[in-house]
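A.B. asks: With the hints as extra help, turn the sequences into a complete structure.
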Amino acid sequence: MFGGILILILSFILIALVSGNNLPVCSGSIIGSRIVSRRNGILITIIGYILGLILEGGMLRTGVNAVLPFKSEQSIIIAFTVAIFIFLIAHKMRVPQSLSVNFTSILLGISMAMHLPINWLFLSFIILFWIIAPIISIVAMRPLMHKTYSLVKKRSIWPTINLIRLLLILFSFFAAFTLGANTLGLLYATMPKGLYSILAALLGIIFGSLLLSGGELRRIGNEIISLRYINALNSQIVSVLLVELAVLLSIPLSNSQTFIASIYGSGLSYKNRILLRSPIKSIAITWIGGALASFAFAYLFATLLA
Amino acid sequence: MGILERILEGSEERIILKFNEIVDIGLDASKALDKVIEKSDKIDKIRSLEKDSDNVAFEITNEIASGGIAPNLIDTLLELVEKEDNIIDSMYNLAREFHRYKIKNKRLDKYIRGKLIEMNELASEALKIMKKMQKSESLDEIRNYRKEIESLEEKGDDIKDGLFDLAYSESLEFKSFHHIIELAHQADDVLDNCEDSSDIFFTIMSSIVT
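Protein chains in written order, with our numbering: chain H, 1 to 306; chain F, 307 to 516.
Treat the hints as calculated values from the structure; they're not laboratory data.
Each hint should be verified, as a subset may be incorrect.
[Said to hold, decoys possible] Simulated crosslink set (DSSO-like; lysine-lysine; CA at most 27 Å straight-line):
1. Lys345(F) <-> Lys324(F)
2. Lys437(F) <-> Lys154(H)
3. Lys351(F) <-> Lys154(H)
[Claimed, not checked] Sample of chain F residues with no beta-carbon within 10 Å of chain H, all distances over it, derived:
4. Lys324
5. Asp334
6. Ile349
7. Asn399
8. His405
9. Lys408
10. Lys412
11. Glu456
12. Lys461
13. Phe470
[Unchecked claim] Covered stretches of chain F (in silico footprint by chain H; criterion: 3 or more residues with CB under 8 Å from a CB of chain H, positions within the stretch not fixed):
14. 375 to 386
15. 436 to 446
In this text the structure is predicted, and so the values were computed from the model without any measurement.
All residues carry an ideal CB built from backbone N, CA and C; glycine is no exception.
C.D. replies: And the structure:
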């Protein structure tokens with residue numbers, strides 16, 4: 001009973017942190033370019049998260065079961081506690097973190113500490129997808145940008161821009177939808193099934209999106225996304241397609257990774273380019289560091305408690 | 307206004323169309339300047355147009371700062387406001403300089419007035435192209451308008467050089483010499499600001515669609 005309540009509280013906190021931390025990846029471009037107000041951008045994201053979680057969130061169970069085949073209350077509590085700890089540090093540093101990578105590393109750490117049978121083949125497939133997805137994002141952007149530019153060039157400017165603005169809103173919603181299905185779905189798939197779990201998840205989404213997204217919105221908006229409309233739209237399209245594919249394959253995949261890789265790819269598609277590498281580098285390092293720290297903490301906690 | 311209407315209206319489009327208000331004032335100022343040069347009219351009209359332009363520029367600046375403009379466009383749009391406003395400022399400065407001193411040599415005076423009117427006609431032509439440019443829906447068309455304005459500015463440069471040559475070749479007292487040089491510079495500034503505005507406008511539009 002106490003364990004169940006603790007899981008609900010921890011999952012609420014974690015989902016709130018993740019929802020706030022990842023909000024800029026979904027609606028940072030439409031809020032940053034002032035297509036919609038901050039309030040409307042957050043609202044679109046919340047609706048996307050919720051629909052994604054409800055409609056497709058269950059699809060991640062195969063992925064969770066491959067890494068953590070037997071879920072006890074103790075293992076879930078350790079997983080959520082370590083994930084919250086890692087995310088609080090990331091939130092303090094205002095760095096977008098990849099929960100998909102961190103949480104999978106945590107589940108792996110717990111499984112290894114508890115000597116559970118891990119589906120190594122599926123895990124290898126997940127890791128392979130993590131490596132391939134950003135590469136696909138970067139490579140796909142160049143032809144996509146050129147194709148879009150040649151299409152836009154032939155059309156009247158303002159109606160095309162208005163269409164792009166509408167598409168950006170639509171794909172920001174889809175980005176939130178896939179994040180709800182994949183990243184939040186990963187957490188939901190780890191929680192015990194039931195009405196209370198879904199309620200805790202929904203409350204976490206609303207609370208986190210409204211109150212915990214400020215720092216990340218500022219960082220993404222000021223330091224990374226000085227995006228033009230076409231870059232923003234194409235980055236969002238590539239990211240959404242890859243994450244949706246990951247959902248269908250039951251693979252946890254970070255929206256932030258695919259989105260930021262796409263932005264980088266769009267920068268490379270210009271003839272003359274000056275790209276600031278330091279923010280990209282620092283984010284990549286914190287992602288890898290976050291995964292290693294997550295694994296180490298989870299392994300340590302699980303070993304000590306076991 | 308509903309959210310969809312606000313999105314479809316687009317803040318950039320609204321603001322860019324508002325720039326034509328400055329261009330319209332510029333066209334009126336060009337007509338007023340013509341009268342100042344040709345008939346030595348007073349500069350009251352052009353002074354009031356310069357104030358109108360300042361007011362419109364201030365309104366646009368406020369709208370840029372407070373409206374739904376993508377942050378990467380804000381600085382360039384503000385630069386465009388300044389350059390377009392400078393067109394009318396330069397016309398006003400030219401009118402003031404013209405009234406400041408009278409060249410005694412009638413032949414020379416008639417020749418200089420003719421050249422200044424030619425430069426003003428080029429400026430008026432450039433402003434008409436700018437108006438079409440700012441209404442245009444095609445990047446290729448905007449690029450062509452930019453080239454047309456550039457070629458007008460080059461013609462203006464040639465006239466300015468002709469005025470310099472004249473000033474140095476004639477035996478003039480210092481005031482007359484300085485006056486001719488100053489008039490040539492001010493008239494050229496009008497065209498330079500037209501050219502700079504068209505360059506900035508092209509940059510803005512290409513950064514919106516690429």
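A.B. asks: Each of the hints needs a verdict: does it hold here or not?
C.D. replies: These are the hints, each one checked on the structure:
1. Lys345(F) <-> Lys324(F): violated (32 Å)
2. Lys437(F) <-> Lys154(H): Holds, because 22 Å separates the two Cα atoms, which is no more than 27 Å.
3. Lys351(F) <-> Lys154(H): violated (43 Å)
4. Lys324: holds (14 Å)
5. Asp334: holds (27 Å)
6. Ile349: Given that every Cβ of chain H is farther than 10 Å from that of Ile349(F), nearest at about 38 Å, it holds.
7. Asn399: holds (34 Å)
8. His405: Nearest chain H Cβ is 43 Å from His405(F), so the label holds.
9. Lys408: holds (49 Å)
10. Lys412: holds (52 Å)
11. Glu456: holds (21 Å)
12. Lys461: Since the minimum Cβ distance to chain H is about 29 Å, Lys461(F) lies beyond 10 Å and the statement holds.
13. Phe470: holds (37 Å)
14. 375 to 386: holds (count 4)
15. 436 to 446: It holds: at least three residues are needed, and the region 436 to 446 of chain F offers 5 whose Cβ sits within less than 8 Å of chain H.
When each numbered hint is compared with the structure, violations occur for hints 1 and 3.
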